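Chemist: Sequence:
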Amino acid sequence: MGYRETYDRWKADPEAYWMDQAATIDWITPPTKALTDHGDNLYEWYADGMVNGCYNAVDRHVEQGRGDQLAIIHDSPITGKIEKITYSQLKERVEYLAGALLARGVEKGDTVVIYMPMIPQALEAMLACARLGAIHSVVFGGFAANELAVRINDCKPKAIMAASCGLEPGRVVEYKPLLDSAIEQADHKPELCLILQREEHPCELIEGRDLDWYEAQKDCLPAACFPVEGNFPAYILYTSGTTGAPKGVVRPTGGHLVALNWTMKNIYNVDPGDVFWAASDVGWVVGHSYICYAPLIHGNTTVVFEGKPIGTPDAGTFWRIIEEHNVRSFFTAPTAIRAVKREDPTGEFIKKYDLSGLRALYLAGERADPDTIEWAQEKLDKPVFDHWWQTETGYTIAGNPAGLEALPVKVGSPTVPMPGYDVHILDEAGHPQKPGELGAIAIKLPLPPGTLPTLWGATDRFIKSYLTTFPGYYETGDAGMMDEDGYLYIMARTDDVINVAGHRLSTGAMEEVLAGHPDVAECAVVGVSDQLKGQSPVGFLCLSKGVDRPHAEIAAECVKRIRDQIGPVAAFKTALVVDRLPKTRSGKILRATMVKIADSQPFKLPATIDDPAILDEIKAALQEIGYAKD
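Heads up: the sequence shown at position 41 corresponds to 41 in UniProt numbering, and the numbers run straight through without jumps.
Hints listed in this document are in silico derivations from the structure and should not be mistaken for laboratory results.
This one's a predicted model, so the numbers in the text were calculated from it and none came from an experiment.
Idealized CB from N, CA, C, for every residue including glycine.
You may find that some hints are simply not true.
Computed spacing ranges between beta-carbons, pair by pair [what the hints assert, rightly or not]:
1) LYS382 - ARG4: 23 to 29 Å
2) THR239 - GLU428: 19 to 25 Å
3) ALA224 - GLY486: 35 to 41 Å
4) PRO272 - THR239: 28 to 34 Å
5) LEU532 - GLN623: 38 to 44 Å
6) GLU200 - PRO272: 31 to 37 Å
7) PRO169 - PRO408: 20 to 26 Å
8) THR239 - GLY486: 25 to 31 Å
9) GLY311 - GLN623: 29 to 35 Å
10) GLU15 - ASP485: 46 to 52 Å
11) LYS545 - SER181: 48 to 54 Å
12) HIS503 - PRO272: 38 to 44 Å
Working from the sequences, and respecting the hints, build out all of it.
Modeler: What follows is the structure in structure tokens.
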């Protein structure tokens, strides 16, 4: 069946469709029904089934005779080491690690915080928790102590699993002092910390609380897989940029297994045994879904990459890994491709490697501007599929289902909604918008299996945050439009739609125009306060490597591009050249923070910011044109 037939089949009977998909994973007790409606627009999937996530990701492949297949390839250009782990080896490592936790009282329903770099043991920790029915919460390795403390207080872990350090280009990030400080600050104290000592920087262990990762496994029995209910939480993931009380997205076990397994063939077009690579981090949702769980559930080989798109050692790292490990589908963030493009605009590094095994590049995590997609299409000579989803959903809302049917790419669109997602464009009053009209993107309830049923310990907040603005719909917080063919366009976060003299304008549309300038590698547009017009757009431009022209000249050309392509209505008069843009560690540009700096408003330093010093550079650039007054 092609895309339209599959989508129509789902829409005709969603519960029957998802019961059919449930048969693709291994249940201890199969569910008797798909959907449970709790009222108040709260739903759960596969509630009466019994299942185990680790069994589906590891054990079943060994039992089916595929134990010698590679499960994980760890490639670390920072250490210069490559490690390959088969499914049989992974099973043994996970069952003994789970045994060490079980021997120390960690059991079904307990929470465990994982604070680790991009190494195989991070996946093993997640899987060991899933094996026991313990609920893990991965916190990005190297996250600030106070932010880690907030998450410890919220999910109250019985145990914490951490590494002694993480490695960045040219520096070691000591995790243990951050962990110790976080536990000291937290009201809740874990009973146990399991610490992996990395040879690059071992740490001191605190007697009575800290145990060495491998010493703790000695004399332990391997743990069996514990059954959990289909609606039982697999993990809690705190959304990036959270301020105040953290927002813990809950992932239900059964739906997450079914939905992720569906995506691997239908969206990413890989078969069991193929190598799949998501260049992200286990601290983000992409790492949970597409480094750890989905590839392993589907029987793929997953790549765990400890490095950066550039600088480890150069802009050819991605292409070297794809050639060396025969990666079939590659998934990364547009910001990573922009970094490579800025460093290697003519694609010289791409020419050095044989990428014949690669079927497609997938982009997600933020808007993929057309210029980046077109550059990648041209230089790689491969399909480039943008797709759109969120931490809350755990997998694709809108994408190009290449395994079902590769639809024509419309550059600038993540293509079409996937089965399970009934996507609508609504105005502020909740009325449907016509094709081509900008509005809020909302999804008719119920959401499909694997998406968040609630927030951890905060159902009222879940209802208020997501279900209240448009009754009967999940509010995505994104703004966009749909064309006559049903292709979706994500133009901005709802907050990034600016009002210029009564005209609602998308900053994303302006960024598309600026990114099309041949000298611009990356850009951002924000709306700053304007007494006359309400808001005025200001553009920030990062130039490609090797550009040696007067900045004022480039800025003037960019202003003219907006005027020519969007029109005088945009009132776009200011473009600033800067060295870099402030981003989260996952690559999202901190536009809201930039607006507050421009408007001289107080702001809380985002917990996930990659380099706080960039904010000073942005402030200095704004001050030169009369904004960001002290």
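Chemist: Hints broken by the structure, by number, lowest first?
Modeler: Checked against the structure, the hints that fail are numbers 3, 5, 7, 10, 11 and 12, while the rest are satisfied.
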